[in-house]
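Could you build the full structure based on these sequences and the hints that come with them?
Residue numbers (this note's numbering), protein chains in the order written: chain A, 366 to 617; chain B, 12 to 307.
By construction, these hints were calculated from the structure, which means they are not laboratory data. Misleading hints may appear alongside valid ones.
Stated by the list, open to error - Short derived list, chain B residues pointing at chain A, Cβ under 7 Å:
(1) F166
(2) E172
(3) S225
In this text, a Cβ means the ideal position worked out from N, Cα and C, and glycines have one as well.
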Amino acid sequence: MLDGVTCSYGGQRVLDDVDLTIPPRQFSGIVGPSGSGRTTLLRAVTGAVRPVSGTVSRRAGLRVGYVPQVETVDWSFPVTVGECVLMARRSERPLPWPSRGEKAEVSRVLGRLGIDALAGRHIRELSGGQQQRVFIARALLGRPQLLLMDEPTSGVDVKTRHEVLHLLDDLNGDGLAIVLTTHDLNGIAAHLPHLVCLNRRVIGAGPPREVLTTEVLERTYDARLEVLQHGGMPVVVDPLASLNRSPSQGRL
Amino acid sequence: MAPFEFAFFRNGLAVATIAGGLCGLVGVYVVLRGMSYIGHGLSHAIFGGFAASALLGVNYFLGAGVWGFASALMINRITRRRVIGSDAAIGVITTASFALGLALFAVFGNNGAGSFDAALFGSILGVGAEDVVAITLVAVFAVAVIFLRYRALLFTTFDPEVAAVSGVNLARIDALLMLVLAASILATMTVLGVTLVAATLVIPATVARMLTDSFSRMLILASIIGATSGAVGMNLSYHLDVQSGPTIVLVGATAFGIVFAFTGRQGQRRAARLDAHPEPVAVLPPPPRDTERSAV
Numbered sequence: 366m367l368d369g370v371t372c373s374y375g376g377q378r379v380l381d382d383v384d385l386t387i388p389p390r391q392f393s394g395i396v397g398p399s400g401s402g403r404t405t406l407l408r409a410v411t412g413a414v415r416p417v418s419g420t421v422s423r424r425a426g427l428r429v430g431y432v433p434q435v436e437t438v439d440w441s442f443p444v445t446v447g448e449c450v451l452m453a454r455r456s457e458r459p460l461p462w463p464s465r466g467e468k469a470e471v472s473r474v475l476g477r478l479g480i481d482a483l484a485g486r487h488i489r490e491l492s493g494g495q496q497q498r499v500f501i502a503r504a505l506l507g508r509p510q511l512l513l514m515d516e517p518t519s520g521v522d523v524k525t526r527h528e529v530l531h532l533l534d535d536l537n538g539d540g541l542a543i544v545l546t547t548h549d550l551n552g553i554a555a556h557l558p559h560l561v562c563l564n565r566r567v568i569g570a571g572p573p574r575e576v577l578t579t580e581v582l583e584r585t586y587d588a589r590l591e592v593l594q595h596g597g598m599p600v601v602v603d604p605l606a607s608l609n610r611s612p613s614q615g616r617l
Numbered sequence: 012m013a014p015f016e017f018a019f020f021r022n023g024l025a026v027a028t029i030a031g032g033l034c035g036l037v038g039v040y041v042v043l044r045g046m047s048y049i050g051h052g053l054s055h056a057i058f059g060g061f062a063a064s065a066l067l068g069v070n071y072f073l074g075a076g077v078w079g080f081a082s083a084l085m086i087n088r089i090t091r092r093r094v095i096g097s098d099a100a101i102g103v104i105t106t107a108s109f110a111l112g113l114a115l116f117a118v119f120g121n122n123g124a125g126s127f128d129a130a131l132f133g134s135i136l137g138v139g140a141e142d143v144v145a146i147t148l149v150a151v152f153a154v155a156v157i158f159l160r161y162r163a164l165l166f167t168t169f170d171p172e173v174a175a176v177s178g179v180n181l182a183r184i185d186a187l188l189m190l191v192l193a194a195s196i197l198a199t200m201t202v203l204g205v206t207l208v209a210a211t212l213v214i215p216a217t218v219a220r221m222l223t224d225s226f227s228r229m230l231i232l233a234s235i236i237g238a239t240s241g242a243v244g245m246n247l248s249y250h251l252d253v254q255s256g257p258t259i260v261l262v263g264a265t266a267f268g269i270v271f272a273f274t275g276r277q278g279q280r281r282a283a284r285l286d287a288h289p290e291p292v293a294v295l296p297p298p299p300r301d302t303e304r305s306a307v
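Right under this line is the structure:
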């Protein structure tokens with residue numbers, strides 16, 4: 366899919382000679398520090414960023430859905446949930462209002478995500494998890510085979526994070542390939558079937574238990590991180606984050 | 012029957028009403044895209060084209076229209092790409108164009124283009140039947156574009172990056188909107204004047220935003236508020252013997268004040284983010300080529 370892709374902004378390389386293939390039905394996460402090129406990689410796949418070298422290629426007829434970070438959107442914009450999802454309808458119908466078939470399709474997608482009761486609500490009135498579901502619904506309306514998501518659990522609480530992760534797992538179970546970026550190594554990345562560690566280059570790729578190692582993480586984050594095993598899953602610990610204070614020494 | 016017995020007033024009233032509705036409609040996209048400053052700047056930029064077309068003896072609508080469209084595209088490109096600070100860039104382009112217009116008028120005179128004051132502040136005296144035809148044609152064109160490209164315009168206004176990924180041609184839609192905007196300003200300038208056109212783009216849309224959370228209702232409300240402001244303002248202009256531009260804008264501003272007071276916090280919350288600038292989105296290259304590779 367990505368063959369020797371290099372992307373740069375203003376002469377500064379953000380991705381450097383990245384090779385990456387996403388097989389059908391794969392559920393993959395991309396982790397890396399800030400500025401590692403995670404979002405740029407997604408945008409290169411969508412075509413929003415043109416590589417300065419290398420090629421991005423897709424299977425003929427592949428339908429791609431994209432879910433941006435919820436923080437990038439003006440949630441006070443005057444649209445309801447239903448209107449927001451309908452923006453992605455692909456028909457060439459020239460009329461502003463949707464057909465019965467399009468309305469039924471929106472209803473089906475919202476029902477699939479458990480938010481059909483919210484169709485008439487203004488988007489500002491939604492919780493973080495509901496906002497994320499609306500964006501996923503909008504992406505699903507185009508019946509994508511590959512779903513790209515930029516930080517889908519950024520800024521949400523633990524319960525919502527679980528809900529989103531299980532929802533994505535269900536969608537992947539239905540045959541949808543998913544690639545998401547995340548900075549959450551333990552809450553998200555360690556639970557995914559496949560991980561890519563990125564720091565402008567691909568440092569490591571594979572199942573979490575193979576990729577989340579001290580050596581790969583140190584090369585990815587330029588920091589020493591320890592990896593413990595808990596119930597057969599890797600748990601990443603940042604030893605320098607501990608302030609090593611006893612309770613009697615007070616708190617910050 | 013005064014002032015309706017006068018043809019110039021009937022023409023002026025028709026133009027002000029249609030122009031008000033048109034600017035209200037287009038203004039919805041202007042304010043929701045955080046482009047209020049562009050509307051202001053573009054009207055000034057068109058003044059340069061107005062002066063240049065008068066000097067060259069070119070048809071006003073053609074000369075100033077091409078000038079305005081080119082300025083709009085340039086402004087939109089700068090805003091999207093953030094090559095340099097967009098506000099600074101818009102300020103440079105539009106005020107330079109405005110200054111050029113002033114200089115051309117000063118050096119060569121108006122060359123039959125009409126009153127200098129009328130161009131700046133609007134006047135019903137200069138409104139003829141051809142202006143009624145022009146504003147009607149522009150209004151029909153704008154409504155047709157918004158009707159036929161409703162989804163694409165809404166999508167690119169709300170979330171341009173995802174719209175592009177979803178197959179909407181961002182550059183083409185932006186250019187189309189800029190064309191509608193430039194044509195609307197051009198056709199409205201005769202009544203409202205360069206300095207006040209921006210207010211008719213921003214005020215009705217802002218008032219409508221305070222009244223509703225629905226995009227489609229906002230389009231309708233802004234058009235009605237704009238048209239009403241135009242009609243009422245034009246009548247007041249005649250009876251108070253004040254230029255048409257200021258009275259129309261003051262009627263709109265009064266409506267804003269009333270709605271602002273009566274919608275309270277809800278209205279203020281709805282309108283609170285209207286000055287937000289859109290996220291910069293690069294004009295997209297063609298999507299990656301499709302291949303027959305087996306991988307996704």
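Hints and how they fare:
Among the interface hints, the one on F166 of chain B holds; its C-beta lies about 4 Å from the nearest C-beta in chain A, closer than the 7 Å criterion. Below 7 Å, beta-carbon pairs count as interface contacts, and E172 of chain B has one with chain A at about 6 Å; its hint therefore holds. Interface restraint check for S225 of chain B: the shortest CB-CB distance to chain A comes to about 6 Å, inside 7 Å, so the restraint holds.
Of the numbered hints given earlier, the model fails none.
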